[in-house]
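> Sequence:
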Amino acid sequence: MANVTLRNVTKLYPDQTRSSAPAVSEMNLEIQDREFLVFVGPSGCGKSTTLRMIAGLEEISGGDVLIADRRVNDVPPKDRDIAMVFQNYALYPHMTVFDNMAFGLKLRKVPKDEIKRRVNEAAGILGIQNLLDRRPKTLSGGQRQRVAVGRAIVRQPKVFLFDEPLSNLDAKMRNQMRTEITKLHQRLQATMIYVTHDQVEAMTMGHRIVVMKDGLVQQVAAPQVVYQEPVNLFVAGFLGSPPMNFIRGKLKRVKDQITFAEMEESAVRCRFAAQEDAILGPWLDKEIIMGVRPEDIVMSKPGEAQTGSEFQAVIDIIEPMGSETILYLQTGSHTVVGRCDAVLDQREVGHRMQFHLKESKVHLFDPESTKRITRV
Numbered sequence: 034m035a036n037v038t039l040r041n042v043t044k045l046y047p048d049q050t051r052s053s054a055p056a057v058s059e060m061n062l063e064i065q066d067r068e069f070l071v072f073v074g075p076s077g078c079g080k081s082t083t084l085r086m087i088a089g090l091e092e093i094s095g096g097d098v099l100i101a102d103r104r105v106n107d108v109p110p111k112d113r114d115i116a117m118v119f120q121n122y123a124l125y126p127h128m129t130v131f132d133n134m135a136f137g138l139k140l141r142k143v144p145k146d147e148i149k150r151r152v153n154e155a156a157g158i159l160g161i162q163n164l165l166d167r168r169p170k171t172l173s174g175g176q177r178q179r180v181a182v183g184r185a186i187v188r189q190p191k192v193f194l195f196d197e198p199l200s201n202l203d204a205k206m207r208n209q210m211r212t213e214i215t216k217l218h219q220r221l222q223a224t225m226i227y228v229t230h231d232q233v234e235a236m237t238m239g240h241r242i243v244v245m246k247d248g249l250v251q252q253v254a255a256p257q258v259v260y261q262e263p264v265n266l267f268v269a270g271f272l273g274s275p276p277m278n279f280i281r282g283k284l285k286r287v288k289d290q291i292t293f294a295e296m297e298e299s300a301v302r303c304r305f306a307a308q309e310d311a312i313l314g315p316w317l318d319k320e321i322i323m324g325v326r327p328e329d330i331v332m333s334k335p336g337e338a339q340t341g342s343e344f345q346a347v348i349d350i351i352e353p354m355g356s357e358t359i360l361y362l363q364t365g366s367h368t369v370v371g372r373c374d375a376v377l378d379q380r381e382v383g384h385r386m387q388f389h390l391k392e393s394k395v396h397l398f399d400p401e402s403t404k405r406i407t408r409v
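For the sequence shown, the positions run 34 to 409 when our numbering is used.
Keep in mind the hints are simulated off the structure, nothing from the lab.
Errors might be hidden in some of the hints.
Here are the simulated SDA-like pairs of lysine to any residue, each with C-alpha atoms no more than 20 Å apart in a straight line [unchecked claim]: (1) LYS394 <-> VAL382; (2) LYS111 <-> LEU99; (3) LYS111 <-> GLY77; (4) LYS170 <-> THR129; (5) LYS139 <-> GLN120; (6) LYS191 <-> ASP107; (7) LYS205 <-> VAL233; (8) LYS142 <-> LEU159; (9) LYS216 <-> SER200; (10) LYS111 <-> LYS142; (11) LYS191 <-> MET236; (12) LYS111 <-> ARG141; (13) LYS391 <-> THR340; (14) LYS334 <-> ILE348; (15) LYS394 <-> ASP349; (16) LYS285 <-> LYS334; (17) LYS283 <-> GLU343; (18) LYS246 <-> MET236; (19) LYS111 <-> ARG188.
Make the full structure from the sequences, and use the hints.
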């Protein structure tokens with residue numbers, strides 16, 4: 034297997050100029066040997082373009098791509114020792130499953146016995162031994178995706194590249210294939226680079242995730258780090274379902290503590306620990322954005338001790354989700370989303386109820402730079 038290195042990699046398309054925003058801008062990234070790395074971001078952010086530059090399917094406008102410490106900018110895709118799994122499967126309809134999986138090996142003039150061994154081994158890993166004599170048109174979407182993955186496995190490449198391979202599958206099949214690809218990585222111990230716009234795939238599959246926007250890398254870290262310590266407003270709002278709530282307000286000093294107060298009706302408040310004074314002091318009386326995830330907005334219980342981070346809100350919508358309930362709350366200035374374990378009757382809609390925030394889970398952002406203000 035191999036590591037992959039991107040050094041100042043840039044992509045400009047022919048209709049772009051040096052003054053326009055590139056599709057990918059000066060990306061620097063080190064993908065470790067045997068790592069499972071996931072690129073995630075909205076459509077048009079440059080994640081698939083990056084993958085195609087690694088594969089050699091897109092010309093690099095600037096910088097270098099190295100695979101196993103070998104510069105491959107001018108190396109044809111077939112000589113880069115990579116295998117790519119596409120979104121649309123790219124199977125030959127007139128060939129059997131066996132022939133589809135064996136086709137690349139036949140082009141390389143691999144001996145027939147070795148081809149048969151590799152195809153049968155890959156089919157066994159993916160559980161498609163009984164499909165080898167069938168043609169793609171007789172297969173389900175999940176089966177076709179397994180064949181596409183099997184075609185990559187038989188190559189025994191240094192690096193596997195996946196370009197949104199599950200986006201054409203239904204929700205149940207996506208969950209199943211997501212698990213199977215994760216198990217496949219554990220079994221093969223291969224370097225895998227995976228592109229998706231699905232945050233669930235990114236959070237559950239990747240050792241690290243690369244969050245991209247407008248051709249720029251926003252954050253690279255382990256999934257839980259990105260979720261718990263987002264570097265800016267975009268990352269904070271992109272990961273999480275429902276997404277993080279953003280509430281504009283100001284920091285005020287109340288006696289010996291700093292308190293956040295929502296602007297206008299000042300419904301939502303949050304009190305911060307005294308040891309955070311040195312960090313938050315410079316932001317006093319300035320507009321700031323507070324971010325709080327739905328699971329960190331808690332319905333208060335009768336008689337519960339006050340923390341200074343309570344607020345009242347009117348319940349707009351109740352969405353029962355089985356194990357939890359999603360609440361859409363109107364604070365006066367903002368609509369925020371919360372979660373609770375309680376089963377609420379739809380008759381509670383329109384009622385004003387008491388909630389509080391988990392202060393230690395609250396994030397603060399600079400509204401100008403959009404960067405997160407690091408707290409203790």
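> Determine for every hint whether it applies to the structure shown.
Each hint, compared with the structure:
For the hint pairing LYS394 with VAL382, the CA-to-CA distance comes to about 27 Å; that exceeds 20 Å, so the pair is violated. In summary, the hint linking LYS111 to LEU99 is supported, as the alpha carbons are separated by about 15 Å, within the 20 Å threshold. A C-alpha spacing of about 26 Å is found between LYS111 and GLY77, which places the hinted pair above 20 Å, so the restraint is violated. A C-alpha spacing of about 10 Å is found between LYS170 and THR129, which places the hinted pair at or below 20 Å, so the restraint holds.
Distance hint between LYS139 and GLN120 is unfulfilled; the C-alpha atoms sit about 24 Å from each other, more than 20 Å. Straight-line distance between C-alpha atoms of LYS191 and ASP107 comes to about 18 Å, which keeps the hinted pair within the 20 Å bound. The straight-line distance between the Cα atoms of LYS205 and VAL233 is roughly 13 Å, inside the 20 Å bound, and the hint therefore holds. Between LYS142 and LEU159, the direct Cα distance comes to roughly 24 Å. Violation of the 20 Å bound is thereby established for this hinted pair.
Between LYS216 and SER200 the CA atoms are separated by roughly 19 Å; this keeps the pair inside 20 Å, and the hint holds. For a cut-off of 20 Å, the pair hint linking LYS111 to LYS142 stands: about 14 Å separates their Cα positions. Between the alpha carbons of LYS191 and MET236 the distance comes to roughly 24 Å, so the proposed pair goes past 20 Å and is violated. At roughly 10 Å between alpha-carbon atoms, LYS111 and ARG141 fall within 20 Å of each other, so this suggested pair holds.
A C-alpha spacing of about 9 Å is found between LYS391 and THR340, which places the hinted pair at or below 20 Å, so the restraint holds. This hinted pair checks out: LYS334 and ILE348 have alpha carbons roughly 16 Å apart, not beyond 20 Å. For a cut-off of 20 Å, the pair hint linking LYS394 to ASP349 is broken: about 24 Å separates their Cα positions. Between LYS285 and LYS334 the alpha-carbon distance is near 27 Å, which puts this suggested pair outside the 20 Å criterion.
Simply put, LYS283 and GLU343 have alpha-carbon atoms about 16 Å apart, close enough for the 20 Å limit, and the pair holds. Between LYS246 and MET236 the alpha-carbon distance is near 17 Å, which keeps this suggested pair within the 20 Å criterion. Under the criterion of a C-alpha separation no larger than 20 Å, the hint pairing LYS111 with ARG188 is consistent with the structure, at around 11 Å.
Checked against the numbered hints given earlier, the structure breaks hints 1, 3, 5, 8, 11, 15, 16 and satisfies all the rest.
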